[in-house]
Structure formats: structure tokens, C-alpha cells
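Asker: What follows is each chain in one-letter form.
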Amino acid sequence: MPRLFRVLGFGLRVHFTMLSRSPFDLWVVVASPLIFATLAHFLFGGGGPQMLVAAIASGVMGIWSSTTASGAGALQAQRRLGVLELLVASPMPFWSVLLPISIAISAIGVYSLAIGLLYVRLFFGVPIDIHDWPAFVAAVPATIAAIGALGFLFASALVRFRSASMVGNVFEWPVWMVCGLLIPVSVLPGWLQPVSRVFAPTWGMSALRGATLGTGHPWADIGVCAVLAAAYLIAGALCLRFFLHAARARATLALT
Amino acid sequence: MRSLRLLTVGGYISYRALFGWLNPFMYTLTLLIPSVTQLAFFVYLGRAAGVAGDGYYVAGNALLAAATPSLFGMSQAIAGERYTQTLALLVVSPASRVAVFLGRAFPGTVNGFVVSIWTFVVATLLFGIAVPGSAVAPLALAIAATSFSCVGLGLFNAALGLRWRETGVLANLFLYVLLMFAGVNVPLARLPGWLSTLAQGLPVTHGANAARQLIGGAPFAHVAPQIAAEAAVGACYAVLGLAALRAFEVKARRGATLKVA
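In order, the protein sequences belong to chains S and B.
1 is the number of the first residue of the first sequence in our numbering; add one for each residue after it.
1 is the number of the first residue of the second sequence in our numbering; add one for each residue after it.
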């Protein structure tokens, strides 16, 4: 068990550090808050709490963006580096290798949140006035972990897909749209609204918004994030087990 | 004749190599689906903001859809050569640079046109935007002009690839500038004056404006100056791109930095 925790912790640290030095990955998480907070400013106008929430929403968009840009293709990256077979063949369970990569990819989204807040503070004079700091501080890692777990599920489900990252990209705009980040869910067509509930960003954003404005039930939303993360992890581990077994049985791990 | 062959055959082969997988499913995943979902996002964002009607966002984002293949496709004109280790061979070859890179720009323009038309058609069906029959041909012309201007900007981005390795980041940066300031999602009247003026020199601004007026029933003669302005903006960027390619190539050869940029 200590060895497993060591692999998880070490993997998280190494990949977070590597991603923090990648111009492309940093651009992905930095661009979102700058762009969408700016758009929110010009479209919705004003400042105050609503602009603060827009900045947080654009930060969550950055976390999701990172997950779709790199998370789905996490295994493809290992394949490209030529270490996928070695990692699969190692004595540690493969999920313990993949999970820290997925979490690290969403964790660099913390830059996105920080930049979003800093941006609206410096450029639009919006005070960082959080109503419930403990809930906000708890909601940030819960959101990142839940979105990271969703990235783990994507990576696991797409392990045999040569262009997994392309498939992941397809989810970027739809999830931004349905999860109530900048667009209230009530604006969407009725049939689309329930879809938002299966995606972690919806609940993460709801928790962050509730903690910021003092509305809703942020701790309950954090709980839903945890439940969803557990569900994604279980589904991802099952997918990984199935697809890896198939790839090894057919000796196609390096080819697919 | 040799330059013409380079322009046509070279451009065609380069375009096929760009989509090395030659798989329509991946083309759909990469270009066709995201262009529609991006448009839908902004239509609903527009509804939430109450700034403009659906038609405003449909016209703007359908034309902006041409920018993605243009910017990223053209950035690969340099990045792809570097990746396949053929950039140095290209630079030492006696081939006309204008023919080589314009040859790559032409398929990019056609690709942008196709993606934009697709997005426009799907979006009008999804959001119930009525397009007058008389507007179809002028709309196609506006989309073609916009695709060309986006490729012109893409050519400039490709040139920057000789100096900076991260062409994907640069293409993203240009795309986001268009998204925010080209009057696609934020009406120019809501931007500060200097940004609104700057937008006149950006691809898509005039094309999107023309498309909106055509949807609204304006005759071709009324929007022709806008379409011409869009094409002129594209020509300026294309010339700027070719000049930058030449300048950066000379600089890279002088400093022997072609492969390490």
C-alpha cells in the first residue's frame, strides 16, 4: 500500500511539474480565463460578484480545456514517448500510473483559476470577495479531482484509439455549454438540461459559485463531485482492464 | 510553368500530407463537429447575455469556422516540414517560395470554405435562421473572401513558425483574437473605440458583417464593399506573410537557427 501511494504521489508531482513547463499546456489553461472573462465583461457588462463568478467559471473552463486537450490523449503521449509497453508491463497496476497523469493534467487548471481571479481583479477592479472561504478552498481540489477522474475515464475508454486527443477535443465546447459555466443551464433546451448533471464541471462550478455568492449548497455539491469522481474512477478502471487485456491478447498495444 | 506545377501539384500533395490519416471520420471529429458545437455555445451565450439575436452569432461563428482550418493548416506548412525533418531541404531548394506557400494556401482556402459552408448550413437548420434565396450566392462569395483572408493570416502565422516553434499556440492566439474582437461574438459597438478600429483590420470582421446583412435581406450591391474589404484584408495578410517568410528565412539561414527555432 505505501508503494502504491508513492507511485501515485510521485506520478502526480512529476507530471504536474512537466506540464507546468510545457508552453502548449500552459497556454491552454492561461488562455481560457483571459478570453472568457473578457467576453463576459463585454457581453454581460458590469463588475461585482457576477463578474467574479464569470472569472471562476472561465477558470473551470480552463481545467476542462486542459483535460480535453491532453487528458484523453494521455496514453497516446506515453505511446509516442515509447514507454507505454514498459508501463503496462511494470508490476504496479496500470491505473496507478495513468491516474496521476490525468489528475495532474486537470490540476494545472489551478493556474487557470488563479489567473482568472487575478485578471478580473487587476483589469476590471473586481474585489475577490468570497462568501464562504472554507467551502471555496474545499471546492477547488474537489472540482479538479472530479474533472481529472473524468479525464481518466476518457483516457481509459480511448486507449485503443490512435487519435484519442482528437476525440477528447470534441467534448470541449459541448461541456462548456451544458455545464452552467458561463451559460445558465436554464437557457438551454429542456432535453439538454439533464445531461449537465453527469458531468463533474457542473457540480464543481455549482460548489464554487455557491461558496462565492453564499447561495445554494456548496458542501452538497462537493459531495456530488466526490461521488461522480468515484464513479468515473470505477468505470475508467474497468475500461482500462478490458481494453488493455484485449490489446495485450492481440499484441496491438503499440499499434492502435 | 515550374512555379505553376509547384503551386498546384505541390499544394495538393502538401494538403494530403497535412491530413496524413486521410480519414473522413477524423476530419469530422477535428473540424466539422467542433465548428458546430462552438457556434451553438455562442448562440446560447448570446441568448443569456441578450446582446444580439441568434442570426448575429450564427453568421459570425459560421464564418469564423473558416479560421480554424486556415490558421492551423497553414501553421503546419512550416511546423510539419520541421517535424518531418524536411524544412532545411525546402529552404535550400531553388523552388519559388511564393509558389510553394501559395500552393499550400489554396487548399487551405478551399478547406476553410467547406467547413464554413457546412457550419452555416447546419446552424441555420438548428436555430431556424431563414436565408433569402437571393442571398445564397453572395453569401458563398462572402465566405470565400473570409476563408481567403483567414488563410492570409495563417500564412503570416506560418512565417512566425520560422522563428517560434509553438505555432499551435500562435494559431490559437490568433483564433482567440478573432473570437473576441472581430465582431463575431461581441458587437463592435460594445468594444472600446480603439479595439473597434483595430477590428477593421482583422479577418472575418467585414465578411461576418456582410453575411449578417445578406441574411437580413440586403442586396449584393449593398454588401459588395464589405466583401471586397474582407478580400483586401486577406491580400494584405498574404503579402505580409510572404514577406515575413522571406525575412525570417534569411535570418534563420544567417543564424543557422532553422532547426532550433
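Take these hints with a grain of salt, some might be off.
[Claimed, not checked] Among chain B residues calculated to face chain S with C-beta under 8 Å, some are:
1) L29
2) T37
3) A40
4) Y44
5) Y176
6) L179
Keep in mind the hints are simulated off the structure, nothing from the lab.
Think of the CB as a built atom: it goes at the ideal place given N, C-alpha and C, for glycine as much as any other residue.
Asker: Against each hint, give a clear statement of whether it holds in the structure.
Answerer: Status of the hints after comparison with the structure:
no.: 1; hint: L29; in the structure: holds (5 Å)
no.: 2; hint: T37; in the structure: holds (4 Å)
no.: 3; hint: A40; in the structure: holds (6 Å)
no.: 4; hint: Y44; in the structure: holds (5 Å)
no.: 5; hint: Y176; in the structure: holds (5 Å)
no.: 6; hint: L179; in the structure: holds (7 Å)
Consistency with the previously given hints is maintained throughout, with no hint failing.
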